[in-house]
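J.: Here is how the chains run, residue by residue.
Protein chains: 2
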Amino acid sequence: MPVGTLASVKGVPQDLLEDLGVQILLGNTYHLYLRPGVETVRRMGGLHGFMSWDRAILTDSGGFQVFSLSELRKVTEEGVTFRSHLDGSSHFFSPESAIAAEIGLGADIIMAFDECTEFPAERERMRASMEMTLRWAERSKTYFEEHKQEVPWGTVHVGPDALVRAGERQLAESAELRSAGPFDSAQGRLPRASAPTRGVASPADGATQSLFGIVQGGMDLALRKESAERTVEIGFPGYAIGGLSVGEPREVTREVVEATVQHLPTDRPRYLMGVGTPEEIAQYASMGVDMMDCVLPTRAARHGLLFTSEGKISIKQARYANDEGPLDPACGCRVCGRYSRAYLRHLYAANEVLAQVLNTIHNLSFYLDTMRRVRHSIRLGEGTSSLSGVSSQPKP
Amino acid sequence: MPVGTLASVKGVPQDLLEDLGVQILLGNTYHLYLRPGVETVRRMGGLHGFMSWDRAILTDSGGFQVFSLSELRKVTEEGVTFRSHLDGSSHFFSPESAIAAEIGLGADIIMAFDECTEFPAERERMRASMEMTLRWAERSKTYFEEHKQEVPWGTVHVGPDALVRAGERQLAESAELRSAGPFDSAQGRLPRASAPTRGVASPADGATQSLFGIVQGGMDLALRKESAERTVEIGFPGYAIGGLSVGEPREVTREVVEATVQHLPTDRPRYLMGVGTPEEIAQYASMGVDMMDCVLPTRAARHGLLFTSEGKISIKQARYANDEGPLDPACGCRVCGRYSRAYLRHLYAANEVLAQVLNTIHNLSFYLDTMRRVRHSIRLGEGTSSLSGVSSQPKP
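Residue numbers (this note's numbering), protein chains in the order written: chain A, -15 to 380; chain B, -15 to 380.
Only some residues are given here: those of chain A computed to face chain B with a beta carbon under 8 Å:
id: 1; residue: Pro(-3)
id: 2; residue: Asp(-1)
id: 3; residue: Thr24
id: 4; residue: Arg27
id: 5; residue: Ala326
id: 6; residue: Leu331
id: 7; residue: Ala333
id: 8; residue: Ala334
id: 9; residue: Val337
id: 10; residue: Gln340
Hints are computed from structural coordinates only; laboratory data are not their basis. Idealized CB from N, CA, C, for every residue including glycine.
When you get a sec, could you build the whole thing from the sequences and use the hints?
T.: Next up, the structure:
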């Protein structure tokens, strides 16, 4: 899932994301809650209407951003008081208020409110944090069940040329993701949206969002197992592995994922939050992970770091100043098909905005291609570990 | 002509420019000379190959940027010594070296090296400056005639899928602009480029660039007439009116244009440099101006100022925070067809890069639509002054 923190994948228009084959985007509740605010998004029929994106969307609960971005965070049983990283204003997230925000944002998949345990942490601290996340998961689910009909899909989106029932549209397109039935991680591309829609009017068809639970437990494998089992006991249509990529060695991440994923049901989507390099996402998929999100392809692109079939390239290097070849000869994206490394290097060196745009398009294309290969291998019954090593090593 | 200073229209990929119907781009010799340097561009077959743009390109001579951007400028009969605005390094432009740079950049239309007279200026100063521009025009033409075969079109561009003879390709596409014959300002869109090309190899077909002369003379109408007549005497396939938009009142600009354009041949393109608002470009076209360039649509877009059929909009205003309507209901661009004002306002307020991208696409679309209406009116034999007033007044 490409990350579209503020209802935008930085620099890339939605129609180009569609052309890239993006099936689902991630939005960050913490950021959207601060700007433009949940009410603004709700009035536009949720994120789908607001950002004119008819394919699937997932929002996190804000728990991780509160942990990593906000200032003067204070955690109690009730929830988290924090100061905005933007203006220092004071805010409060509880399981109830976070889920209320996520319902207002109207993504297809929303996440329970959890506490992301810091790394490193003592075992006592990991257990206490895990226990609270379990209590918060219960509260998230309770609030969601009582309020899930408030999702702003109960609206007719009025576009310039067409009337489309938003609920039906989204239900059809996101049925697989939303379904509580078997989840086919090798599924094909979601159907292309019909027409861009905009505006809001009348009532709904009863479709609701899917609330996923999140496993915590720090780096302790026994706690992870317990967290997984007890989260499954609460019961969700999908499960995420949270609390990783918080500074621990990659080897530890891998161990924790392996130890956790086996305790999550195979007939529900299993979502590993916040990873990783192209090799890593192929490896995690081979362990049974169905969904991943990461800022790496988009953030690296903005720093001129590009993933290619020949290794990672830092396009700012002078060695590319006269390189007439395409960025990645094996890539079919619109950037590799049209521009030379010399041109991309120039755009980056001259601080041209187009550098961000083109670099991001390529990196997303590379990631999406990697996942297409992973799905293809799964369909063929092959392992996916052979798909690693395609990319992240610096070019020799 | 949209401005693509550093071989990029800031934030907009070339294929989207093609979709917008852009026929010709302007590149700035001063900027390209500093970054990435003329030799780099020449090796890629000129700007066409370097930026993968098969439609027409015009470069200025650097005279205006040296005047407006560089530091410690020192002008002598020989040329201009100046310090780079980037790193303070010292450089020298003469008519000969500027034309050499423009030949290396390989645009379809290149401009003589002129001195842009400052405003305000005494009559003596205006005359002296005009006389030097005339001598520099002679030198520009002489150098060009002796070196025009050095244009880097003498190359085969090797794309991933196709071999295209760059010379033929560009000749076919830019024939009207390059031709010394009658110039039809109502001409349709240039044929769409076949396939993106890249790389460099072997010999040419003898096509050359078109060197245009530039009229100066400050705000003195008699000097402008004299400059026009003497520039025409030197003889160029097209003529530009320079030295305007340097701080003078708009009414003065209009007067000078009117007084100058009548002394330029109607069977050659007449190019007014550095203007203007949508109303102004329609007005200047009605005076007989065939070509214009301006950073206004692209620069204003980056500041959230958007031209619409209902007036100029500052999208940052809070009044648009919940506005579900399209930016301009009368506009058919991909931005107005898909996104709401509320979304565009959010992108701008949150400092998202996509704001720049989408705002620029819309403003360019608005400008190009304005010029399409102008050409249509000319074809119908109607005046174009009725096309003004479409846009630039702030929305009531």
